[in-house]
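Going down the list, the protein sequences come from chains A and B.
Read in numbering that gives the first Met the number 0, the first sequence has 23 at position 24, and its numbers run on one by one without any break.
Read in numbering that gives the first Met the number 0, the second sequence has 43 at position 44, and its numbers run on one by one without any break.
Check before you lean on any hint, since a few could be wrong.
Going by beta-carbon spacing under 7 Å, a handful of chain A positions derived as facing chain B [unchecked claim]:
| hint | residue |
| --- | --- |
| 1 | THR21 |
| 2 | PRO129 |
| 3 | GLN133 |
| 4 | GLY302 |
| 5 | PHE330 |
These aren't lab readings, by the way, just hints derived from the structure by calculation.
Note that this is a predicted model, so its numbers are computed, not measured.
For each residue, glycine too, the CB sits at the ideal point set by N, CA and C.
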Amino acid sequence: MLKESVINELQRIVGKENVLTTPEALKAYSYDGTTSWIHEPDVVVFPTSTQQISDIMKLANKEKIPVTPRGGGTNVSGGSVPWFGGIVLCTTKMNKILKIDKENLTATVEPGVVLQDLTLRLAKDGLFFPPDPQSFLGATIGGIIAENAGGPACVKYGVTKQYILGIEAVLPTGEIVNLGGRTLKNVVGYDLLHIFISSEGTLGVITRAELKLNPIPPAKKTTMVVYADVAKAGEGVFRVLENGVIPDKIELLDNWVINRIEEMMPMGLPKDADAVLLFECDGIPEAVEKETEKIVDIVKKYGAVDVRIAKDMDEANKYWLARRAGFAAVFGKAKTVFAEDVTVPRGKIPDLINKCKELAKKYNVEIVVLGHAGDGNLHPAILTDITNEEHYGRAVKAMDEIIEEAVNLGGVLSGEHGIGLEKQKFLKRQLDPVVIDMMKKIKALFDPNNIMNPGKIWE
Amino acid sequence: MEDLKELKKVEQFADQCMKCGFCSFFCPVYQEERVETSVARGKNYLAKLAIKGEQKFTDELGEIIGKCLLCKRCVVNCPAKTQIDRVVVAARAQMVKNKGLGFIKNFAFRKVMANRKAFGNYVKLAKAFQWLLPKTEGKIRHLPDFLKALGQGRNIPEIAKTFLRDIVKPVYKPQDGKAPKMRVGFFMGCATDFVYPELGLKFIDFMTKRGIEVVVPQEQSCCGAAIYFSGDFETGRMLAEKNIEAFKDVDIIVTACATCSSTLKDYQKYLPDNPDQEKRYKEFEKKIKDSMEFIIDVMKVNPEELKLKKEFEGKTATWHDPCHLVRYQNIQAQPRAILKGLKGLKYAEMPNADLCCGMGGSFSVYHYDLTRKIAAKKMDGIKATGADIVVTACPGCMINLIDNVYQNKMPQKVYHILELVE
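The following block holds chain B by itself, in its conformation from the complex:
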């Protein structure tokens, strides 16, 4: 009998499915492939069979449960409220547990090494990652997925010459020299750290300008999205512990990455292995604020008082909802309030703003062709707005949007929302 511990934990969620099949309409993968194994109902059915011991942990099952963006469009639209994301993630974890880490294909070595430049970046990154991750074999395998995507003919931003972690200070006092109104911890996140360090500095500046003290614990690690969503719960839990420890002295932790904020909040949902862990993850969740909710709901910034950078004056912006904001955290009003409030900027809502961009972490690494097809629908939405700039708040989405805007020869530029303000 195979180990079923992780899957058993989600059995109650898997049982919720009444097989109506409505998820097919919302699933970006099914919409492209139109095959039952692509859609939540099919994946859930196979997971249920696995729980009953009627489905083995075959490579084919690994393929099927791997082919999910975890965009949660099926979840929010499910009449029976089946939390299929939990079933898929648990099934991946069970797969890793029973079949070993080989289930997470060692993509880096297979594809990236062929590209010298990408490999050069890789070595640099792998070095930076050495101390982020526990001392286990195969560290390169755990590079965040957007970095793995290097070398696939993508047009993605250069790796930063200097990483944020190398230049950031441990403490930033309020710029007015007064006593801080609030003290927060800043969680960098890998994309901000390695690709968009200026975004991190920008956010710190934004906060310290407004009387907030920002601390940046050097011991912080990767949020773990790429790792635990791929099913490596063991490493995921280790990272959770590192981050909980690193931020133990602050009550609020902010990040400018939608994936990081949701991943940190959701340790309690996906990872707990015992009641003690669950309790601590839940306490940790309460501290996490995405930049969007922090700025609008906690700092109570009035969007109309924000100053638009000169280069964006007269431009039309459209907003892309990252899955990890709109569905994982129900954050959608806040960024729109900022964009609509910014004087001098015009706003145009795109059709299907909440449609996944197709990135989906490791999904885009293994299924780049599908990523492109799904992104094409996003591009249609962007084109329909006639916007000059595409704005979002997730560096993961940004990387994929930049790639696809470029490949489709579209004029739009892609920005993180914080880049728009002085």
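Extracted from the complex, chain A is given alone in its bound form:
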């Protein structure tokens, strides 16, 4: 419980209408996109300016109240769950696109801008912001930067950190800082901008961002490739890339997912296939045609049993709709789902897939595979039920081994979701104690009173 004087002060800073304290509102800010991490804040505040955020942080720092920054709450790591209560600082009312600079291909935005709103606005000027976390309908730019989010288009375009030129942020002590800048090149001093990116809201609150944009490619083409063996599909990914084609997306759906999607929305996916890969090429029309031809040649050479080139946008959209439905298909079929986002070097995808199959047998659990195969970021999902202790126990063991294997294969335990609460028990498997210690020291430098999103990343 916070002191009444603190609530009064928060109301003075942001206005009464921007402070929520009813039990119902606090419950509605106790969760994010994960299933099992729930904790209520003591108050939710909606600042509308950088200065207000600075004032909130000064107050919180003085009173030593935990502050958890939150945007759309679509994250899947527990990162925006206020684990120690205190203040949820919600940026959804700071959602203005301040400037679109066509000359420099940049945009200046507030942290609460929803990615899809940005995408629609930029499209009017023929531009786009390439990072494409699949939560784009609700995810806000502040959260996207804090989590260094990525998505399917990362194969060709990379992840968020490659598209942030600079930010304005409020430190836990209330100072307002500008990190990075507005230029593509910038080597002035330590690159503190990139310490902030992917800090999961533990170092401060991002209040403004300078984004790097690309022109929208004039053509796109989607190809669906069918495999009789999911591991062969995994191989198809790196064969295409090593033979000189970089599609903007390569996504994988396994047999289980294909069949669930066909149950939900019949669209003629190959139900017998062990897996399919979806390729999308983008660029100028001639290049897209040539690259698609090349993909067809390569995948046929390396074990594809069928290839379907989408004849028009409708067919292409249908395949991508199927991909997007993938997670719903998985979540709809089990009470509890472990949605992993381990990432391995691309050449190791077949090994990881084979390991998943082996573990599914060993522990007698359903493990389905879908994800951004193009960047090695698979999402093996384990279907279980938290109320069934015995089954859940087996699922936990299987997940443990998947993570172990990913790290052994030279990969990482999280490619895009972040550590948050969900993966902190695995952190030590990936990082040396000295590295974790350095991180803690950096955190202490930014946040001497440990009030900024405490309880996240490390145990």
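Please build the complex by placing chain B on the supplied structure of chain A, with the hints as guidance.
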């Protein structure tokens, strides 16, 4: 332990939500307020807690579940196919059951009585409503929401001098004097009855001109939208029984009101309390046809053979999709086929044609400021088309569109699609 019967019925739907939050992008209320309790995910979460006994039926919960347009944009866009409308309606019903009808705020007495003219209309309406509703206290509370909206500074159509129910005949034979090709029952609906009686006569004329016999049972009642969507299932079920009984002699029931057609079809979805009710509501659903699907799919009218009224020649029309047509009934192609087929009329599709107009029944009564903000987006779409007329097929939407076109000083006129044809 509180009663949880209505909520338990929808537990399976509430459990579908995987908390992805994508609904926020589609929710007209969230888009204005940007607060988690406005959006489906937040409402669903609180409903789930209520089912588990971890959330009491507080006034605040009532506010939160009341603040939903039931436009179903979240439902049709939900990756997990969560039927949040069922959860919201059941939560309202549970609220009414556990906290009494006081949950439906007695708006009429609080706000409308201050306005003498509106109150005069009210008395007239209340009188007309006497026999529509079962003999319970507080009838005025159950006036359809668009009528409650009177007296809020809205520019809405006058209440008709003569109600349709007072002039309509029980049977209309085909105009050519031949044996009828088909016999249908006509469901008036309150807006048509009290505000647009000429629309009802127009539709009857449209059908009898084309060899259809139309019967208009006098025992028919209000469809119940305003009542059961507010959570008063008890009265909702009584109305369902009245309507089922009134139309027992016909196989097809038509209406020119999108809300009525969807509400009558959906008794089976929201209201059943036992298998017998469910069975009868389901049978009733099969009889219901909205005017748009009836004209195109059943009568098989060729839109190009329809004659445009002279006053609309050379005009450009745009179509507004009522929530109760486009999402509740998946009816969107039929009206467009009519508008595009009408010779002499130009058609311009508006951006976001399927965006809710912001009316949302009781929503607009309690949250008129939000209604105005949501409608402003609709108005932007209308402006972008440069259309002369806005056409729709729901008298509820018409009332809100007329209000907002007027308040924004826009030149467009609003019509029901049936008003365009000879």
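Violated hints - listed by number, lowest first
2, 3 and 4
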